[in-house]
Amino acid sequence: KAGVTQTPRYLIKTRGQQVTLSCSPISGHRSVSWYQQTPGQGLQFLFEYFSETQRNKGNFPGRFSGRQFSNSRSEMNVSTLELGDSALYLCASSTGVGTEAFFGQGTRLTVV
Amino acid sequence: AQSVTQLDSQVPVFEEAPVELRCNYSSSVSVYLFWYVQYPNQGLQLLLKYLSGSTLVKGINGFEAEFNKSQTSFHLRKPSVHISDTAEYFCAVSALTGANNLFFGTGTRLTVIP
Chain G
663 KAGVTQTPRY LIKTRGQQVT LSCSPISGHR SVSWYQQTPG QGLQFLFEYF
713 SETQRNKGNF PGRFSGRQFS NSRSEMNVST LELGDSALYL CASSTGVGTE
763 AFFGQGTRLT VV
Chain C
773 AQSVTQLDSQ VPVFEEAPVE LRCNYSSSVS VYLFWYVQYP NQGLQLLLKY
823 LSGSTLVKGI NGFEAEFNKS QTSFHLRKPS VHISDTAEYF CAVSALTGAN
873 NLFFGTGTRL TVIP
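Line by line, the protein sequences are chains G and C.
Everything in the first sequence is counted per our numbering, starting at 663 for the first residue and increasing by one.
Everything in the second sequence is counted per our numbering, starting at 773 for the first residue and increasing by one.
Among the hints, a few may not be true.
Unchecked claim - Capping the alpha-carbon separation at 25 angstroms, the derived lysine to any residue pairs in SDA-like fashion look like this:
id, chain 1, residue 1, chain 2, residue 2
1, C, Lys821, G, Gly665
2, C, Lys821, G, Gln706
3, G, Lys719, C, Lys821
4, C, Lys821, G, Gly760
5, C, Lys821, G, Ser689
6, C, Lys830, G, Lys719
7, C, Lys830, C, Asn840
8, C, Lys821, G, Val681
9, G, Lys719, C, Asn840
10, C, Lys841, G, Thr761
11, C, Lys830, G, Val759
12, C, Lys830, C, Thr883
13, C, Lys841, G, Lys719
Don't read these hints as lab results, they were simulated from the structure.
Please read these numbers as outputs of a predicted model, since none were measured by experiment.
Just chain G, with the same shape it has in the complex (with noise of 0.2 angstroms):
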């Protein structure tokens, strides 16, 4: 069955700017996680929705933003873009917890 899909997979902005990024979980998944990793912060937890609810959220600003639609698809706005927002964005799908989260190959955001 296909995998965690998230589109685009490069994605260059500049400053002020804002960005969607868009996340297709596995079929079946309604737990979809977002995940920003770079070199000085790692992989830091952003949101979670399931069934269209954000249940849990990290310790990022209001910037940051996300939605699930009832197909389970999610999507994350980051506006007023800031050069530290470089970073690559991962998605992840599950069932719910203590399963696996399959991870998507990351949107890699640039901010210039």
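Dock chain C against the given chain G, drawing on the hints supplied.
Coordinates of chain C only, in the frame set by chain G:
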């Protein structure tokens, strides 16, 4: 809250030699434990997980890990590494109930030398 410490940021090892990547965790609640591998420009792939039961867990690609509750450790081992094992390895924990999110260590870069 949970936290994970990976004691070695880089581990070089010769091909066919054994390797151990160390992971210690801290948590006020019971947790699940995971090891993930990341190849360049890729996402994360699950190597193995500990949920309950036997403390020795076997995973893919010949890796295994042992959960030690008293030492709050979950070290990853492989008896004989291959060139293809060169990658970044991440230890992670998640709470048994409630939040479905992973807390990751800072990663260990394993480099296998021919």
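Verification of the supplied hints:
no., hint, in the structure
1, C:Lys821 / G:Gly665, "holds (19 angstroms)"
2, C:Lys821 / G:Gln706, "holds (19 angstroms)"
3, G:Lys719 / C:Lys821, "holds (24 angstroms)"
4, C:Lys821 / G:Gly760, "holds (9 angstroms)"
5, C:Lys821 / G:Ser689, "holds (22 angstroms)"
6, C:Lys830 / G:Lys719, "violated (32 angstroms)"
7, C:Lys830 / C:Asn840, "holds (15 angstroms)"
8, C:Lys821 / G:Val681, "violated (34 angstroms)"
9, G:Lys719 / C:Asn840, "violated (30 angstroms)"
10, C:Lys841 / G:Thr761, "holds (20 angstroms)"
11, C:Lys830 / G:Val759, "holds (21 angstroms)"
12, C:Lys830 / C:Thr883, "holds (21 angstroms)"
13, C:Lys841 / G:Lys719, "violated (28 angstroms)"
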